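Chemist: Given the coordinates of chain C, assemble chains X, W and S onto it according to the supplied hints.
Chains C, X, W and S, in that order, give the protein sequences.
Position 31 of the first sequence, counted from 1, bears residue number 31 in the numbering used here, the numbering being contiguous throughout.
Count along the second sequence starting at 1, add 1000, and that's the number in the numbering used here.
Count along the third sequence starting at 1, add 2000, and that's the number in the numbering used here.
Count along the fourth sequence starting at 1, add 3000, and that's the number in the numbering used here.
The set of hints was computed from the structure by calculation and includes no laboratory data.
Since the model is a prediction, treat every value here as computed from it, not as a measurement.
Certain hints may be false.
[As the list claims (entries may be wrong)] Residues from chain X that face chain S, not an exhaustive set, calculated with beta carbons under 10 Å:
#1 Leu1030
#2 Thr1039
#3 Asp1042
#4 Gly1043
#5 His1062
#6 Trp1065
#7 Asp1067
#8 Arg1068
#9 Ala1093
#10 Ala1229
#11 Leu1231
#12 Ser1232
#13 Asn1251
#14 Pro1254
#15 Ser1256
[Said to hold, decoys possible] Take a look, some chain C residues computed to stay more than 12 Å from chain S by CB distance:
#16 His31
#17 Leu73
#18 Ser78
#19 Gly120
#20 Val129
#21 Glu172
#22 Thr173
#23 Gln184
#24 Glu203
No residue lacks a Cβ here, since even glycine has one placed at the ideal position from N, Cα and C.
Protein chains: 4
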Amino acid sequence: MCRWLAYSGSPIRLEELLVKRDRSLIDQSLHSRLGATTTNGDGFGVGWYDDGGEPRLYRSTHPAWNDRNLRELAAGVSSPLFFAHIRASTGTAIQETNTHPFRHGRWLWMHNGLIREFTGMRRELLGAVDDSLFSSIEGTTDSEAMFYLALTFGLEDDPVSAVARMVGFVEETGRKHGVADPVQMTIATTDGSTIWAFRYSSEGSSRSLYFSTRLDALKAANPDLVELAGLSDETRVVVSEPLGDLEGAWNEVPESHVGIVQPGEDELRPFVPVR
Amino acid sequence: MCRWLAYSGSPIRLEELLVKRDRSLIDQSLHSRLGATTTNGDGFGVGWYDDGGEPRLYRSTHPAWNDRNLRELAAGVSSPLFFAHIRASTGTAIQETNTHPFRHGRWLWMHNGLIREFTGMRRELLGAVDDSLFSSIEGTTDSEAMFYLALTFGLEDDPVSAVARMVGFVEETGRKHGVADPVQMTIATTDGSTIWAFRYSSEGSSRSLYFSTRLDALKAANPDLVELAGLSDETRVVVSEPLGDLEGAWNEVPESHVGIVQPGEDELRPFVPVR
Amino acid sequence: MCRWLAYSGSPIRLEELLVKRDRSLIDQSLHSRLGATTTNGDGFGVGWYDDGGEPRLYRSTHPAWNDRNLRELAAGVSSPLFFAHIRASTGTAIQETNTHPFRHGRWLWMHNGLIREFTGMRRELLGAVDDSLFSSIEGTTDSEAMFYLALTFGLEDDPVSAVARMVGFVEETGRKHGVADPVQMTIATTDGSTIWAFRYSSEGSSRSLYFSTRLDALKAANPDLVELAGLSDETRVVVSEPLGDLEGAWNEVPESHVGIVQPGEDELRPFVPVR
Amino acid sequence: MCRWLAYSGSPIRLEELLVKRDRSLIDQSLHSRLGATTTNGDGFGVGWYDDGGEPRLYRSTHPAWNDRNLRELAAGVSSPLFFAHIRASTGTAIQETNTHPFRHGRWLWMHNGLIREFTGMRRELLGAVDDSLFSSIEGTTDSEAMFYLALTFGLEDDPVSAVARMVGFVEETGRKHGVADPVQMTIATTDGSTIWAFRYSSEGSSRSLYFSTRLDALKAANPDLVELAGLSDETRVVVSEPLGDLEGAWNEVPESHVGIVQPGEDELRPFVPVR
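Chain C with its partners taken away, still in its complex shape (with noise of 0.2 Å):
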C-alpha cells in the first residue's frame, strides 16, 4: 500500500536515497515493483533528526514523483537519522495529518500494509489510547492508531514489547469483530538513536522489507559511489523495496521478525505479537 525508508549511520544529504539512486524512493512512487500497489501516489513524508532534539518533518499531500520542495529540502538537509514514506492510500483522507512518518515527541512512526476492516472498530481501537496521548491524534488512519497503542503500551520504555502488544491487542479487536486476519504490517520507529523495523502479518504472509547487511558490502558491490566512501561501517538502511543500484548488498527481513538497528551490533528477532 505504501513504501518505506530508515537511514541510519554518517550524515548524508537525504537526495542521496530519496532522489540519486536508480530505484530510489521517489521512483518507487511512480513505479514500485514489489508493493501492492504500483502507484504510491497519495501524498508522502520525510522526518529526520539533527542535532538530538525532536525530529523535524516535512508532510505533503502531492504525489512525491512532482514535488519540487521534497528535491529541494533533500538537496538542502542532511542527517545522520531520517524516515521517508510514500503513500497509496487504502481509503482514509489524502491530507498531511494522514500522511507519515507520524510524530511523538521524540519519537517517528511509519507503517505499510493496513488493519483490515479498521473503519468498524475504529472506535473500540482508539478507546484503548491513554487519556494523555488521545488530543494528539490528528489523523484518521488505522497506522496512526497503531502508533498511539503503542505509544500507550510503552513504546518509550520498551519498544518491541508495545508493540508487540498492540499488534496482540489489534488481533484480539479484529477477531471479535469476525476479521481472520487483521494486521499486515511493516513497521519503522525510531527514538532519534535507534531504528526498530517489523515484519509481520496475521496471515503471516507479510510485505516485504529489506536492510543493507554491512556497509563494506555495500562499498565492494558499488564502487563507483564515492558518496559511500566517507560513510561509517555502522551506516545501514532498511527499506520495503530495494533500491536498485545498490543490488547485492540486500538482505529480506524474515516473516516475523523485527530488526534493531543501534549503536554496536544491530540484531534481528523472531517477533510474536502478544495477547
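Modeler: Quick look at chains X, W and S alone, frame taken from chain C:
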C-alpha cells in the same frame, strides 16, 4: 472565527452572493468587518442542492479570495439552496475534512465560533456520539463534533430540540472541566428544504447573525439589482455579516434565538439549551 | 503522456463518464493501458458548457484519482458538452495554469503528446503569437503554446485550417532546430457546439484516439446501461482510450485525420499540416 | 503588496526571524502594519544557503501563517544567509513559479511592489531577455521578468549597474506605453555572500525598507534575547517592516538608495536608474 452564508429561494448562480456583491463572502475572507478575526483565509467550503438528492460539496484549504476554481464553480452552478463558509482556524489542522459545511446524508452543517478548551474534552464529547455515526467523523474540529452530537440527539427528526440537547451536553461537559462559558456559536443546518439558523453563546454575547427579511424590501432597497427581479418572495439569505450592497434589508437575529427558513411562513423562536 | 475525453450530446452528469465506467477516465489516471505512461497523476482538468455562454473550468494539481472535489463536481454538474483531461507532465511545472483544458473566450483546447525539444524553440514559437493574445498565456506548456498559435492562425474562423497551419509552423520551426519529428498530438478543441478532434504526428505514428460511432450501437452493446436510454442519437464520445464497459462501440480515428462532431452528420477527414 | 526579509551573519535557525519574533514575518503575513495590503496570504517562499553551493528553495501557495511545513523547516534549517518572502498577488496566478525568491544558479531575487500596467508591456519586456536565459522563466510575474532583465543586463558581474539598467529599461518601456510611474520596488538580490537591497520608485515614494544597523545596538536594545548573544558583529537583517521586538535597532533605507551587506564594511549608496 469564521463567516458563513445560507441561501434559500429561487435558484440563482452562487456567484451572485459569493462574488458579485460589495462585501461579498469572498470579500469577507480578506476583510471581515464584524468577525472575531479580520482574515478568514484558512480554507472555505460550499455545499449546494440541485435535484432533491444529497447536497454536493466543494471544499478547499486555500483562501477563498484566491481560489480560481471557486469562482468558476460559483459562475457555473445554480441552486435553490446553498451554504458557503470561510474559515479562520482556531488551531486545528488546515485540511478539507476540517472545512465546513459538513455533510451527513441529506444534511449540511456549518458553524462560526468555538467550544472553549475543546481539546481537553474532545474525547468525552466524541464518546457520546452514536456508534453508527462515529466512523463517519473525518476531521478534528469542535464544529464537526457538534454536528455528530446533534445527529446523535435526533437532528434529523427535531433539529431545534437536537441542537438544544447538544448545546446542553457541551455546556455540562465543559463546566465539569471547569470551563465557565463553553459554547460560542452561530450554526446553520439544513435538510435541503428548511434552514435552521442558531445564534447562541454560554455567556450571552454571541457572534453576529443577520437575515434578510422580505424580498420585496430587498428589491425596493436595491432597485438597480436586476438579478433580484426574478426572485420569489420566499427567497431568504442568512449571513454572519451583511452583504454590503444589500444594506437596509438586514435584521439581526436576536441573542439566543433560532430562525427557521421554510416553505410558508418563516419563524424566529427563543433558543434554550436543554441540560 | 496524458489521456482525455470529449463528450457531446444529451446532457449527462459528468460522473457517468469520469467515474462510473469501468476503465473510466479516473481509472485511467492510475492505470492507463494504452498511454505512453501508466500513471497520469500530474493534475487534471474539466471544462463544461451549460447555458451557451463561456465554458467553466475546474483544474487541479492533484491526481484525479484522489481528488474528492472532482467526484463531487462530477456528481453535481450536468452538461451537453464537456472536456476532461488527466495529465502526465513531460517536465513543465505542476500548476493549474499548465493544466488542460485551456480556455479562450468560448473555446476549449486539450492535448495529448508533445512538441519535441520545445524548450529550445519556445521563444520562437511564442514570438508568432498575435499581440492581442500574448498576454493571455498563463502557463509554460507546449500544449498552451499550440492553442495560442492556432488562435493566431484563425482557430475561431476555420479550426481545421488553423490547426493545419499551427502544425505546419511548429514542424517548420522544429526542423530549423534540427528536430526530425517535432509534433506528436491528439488534440480536441470546441466552441461549445462543434468538437474537432485531431490525430497526427510528424512521424506518422500517433497516440491512440477513438470515437463512439452511433448511439444505437452503444445502446445495443450495453443493454444494461439504463443511463444510456435517454440519450439522443447524436450523442458522441471521443477518447484517448476506450472506456471499458462500453467496449464494442469504439472506432479508432485513423492516422492523420480529424473528426468533426457537430449538429447533423459528423465528419472524418484526412488532416494535412500546411507549411 | 508583499513583505520580505533578508538575513546575513552567523548561522541561525530560520525560525528565529520567521516565527519567534513578535511581528515576525509570519505575523506580518496575517497582519502587516506598513504594507500596501494588510494580508499577505498568496503564498510564500524561503531561499537559503548552506555550504557555499546553490541556494535551496521552499515555496508554497498556502498562506505562511498556516503552513506547518514552513514551521518545521524554519526549526530544522540553519543558515548564514537566507531570504524569506510573503506574497500578496497583484493579479497573477497563485502558483509556486510565481512565488519569490526566484533563483538562477547561485543567485536569489525577491521583490515588493509592481510594474504598473505590466500586462500590456510584458511581451516587450520579455523580448529584451537574453536568449540563453529565456527558457528559464517559469512564471508570469513582473518580479521574475525584472530578475531576468537584470540578469540580461549583467547582474552577476555588477549588480547595482544591472539593476539600474533594468529599472531604466522598464521606465522607458512604460513611458512609451503612457504609464507615468512604471516602477515601484524594494528588491533584494544575493549571490550567497553579498546582499544588495534596493529601494526605488518612479514617483519617488517607495515602499518601506529597513536594515538593522549594528549588532551591538541590537544586543543592547534586546538584552533578554539570549539567542543574539552568539551572533557575530557583521550580522545584519534587511526587512520591509521592522520585526517588533527588535525595535530601536532599525534604520530606514532612504528613498532611491541601495544598501550593500557584505563582508567588511557595509555600504549605502544613492540609486539612479540608467536610461
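Chemist: Per the CB criterion, is Leu1030/X less than 10 Å away from chain S?
Modeler: holds, 6 Å
Chemist: Verify the interface restraint on His1062/X: the C-beta must sit less than 10 Å from at least one C-beta of chain S.
Modeler: holds, 7 Å
Chemist: Regarding the assertion that Gln184/C does not contact chain S, is the least Cβ-Cβ distance greater than 12 Å?
Modeler: holds, 29 Å
Chemist: Please confirm whether Glu203/C is truly not at the interface, meaning its C-beta sits more than 12 Å away from all C-beta atoms of chain S.
Modeler: holds, 37 Å
Chemist: Interface hint check: Asn1251/X, Cβ to nearest Cβ on chain S, cutoff 10 Å. Holds or violated?
Modeler: violated, 30 Å
Chemist: Given a cut of 10 Å on the nearest C-beta pair, is the interface hint for Gly1043/X held or broken against chain S?
Modeler: holds, 9 Å
Chemist: With a cut-off of 10 Å on the beta carbons, see whether Ser1256/X makes it to chain S.
Modeler: With Cβ-Cβ at 32 Å, over 10 Å, it is violated.
Chemist: Would the non-interface assignment of Ser78/C survive a Cβ cutoff of 12 Å against chain S?
Modeler: violated, 9 Å
Chemist: Quick check on Thr1039/X please, does its C-beta sit within 10 Å of some C-beta on chain S?
Modeler: holds, 5 Å
Chemist: Is the interface hint satisfied for Pro1254/X? The criterion is a beta-carbon contact with chain S at less than 10 Å.
Modeler: violated, 32 Å
Chemist: Does Thr173/C clear chain S by more than 12 Å, comparing its Cβ with all Cβ atoms of that chain?
Modeler: holds, 32 Å
Chemist: Beyond 12 Å from chain S, beta-carbon-wise, is Val129/C?
Modeler: holds, 22 Å
Hints 10, 11, 12, 13, 14, 15, 17 and 18 from the earlier list are contradicted by this structure; the remaining hints agree with it.
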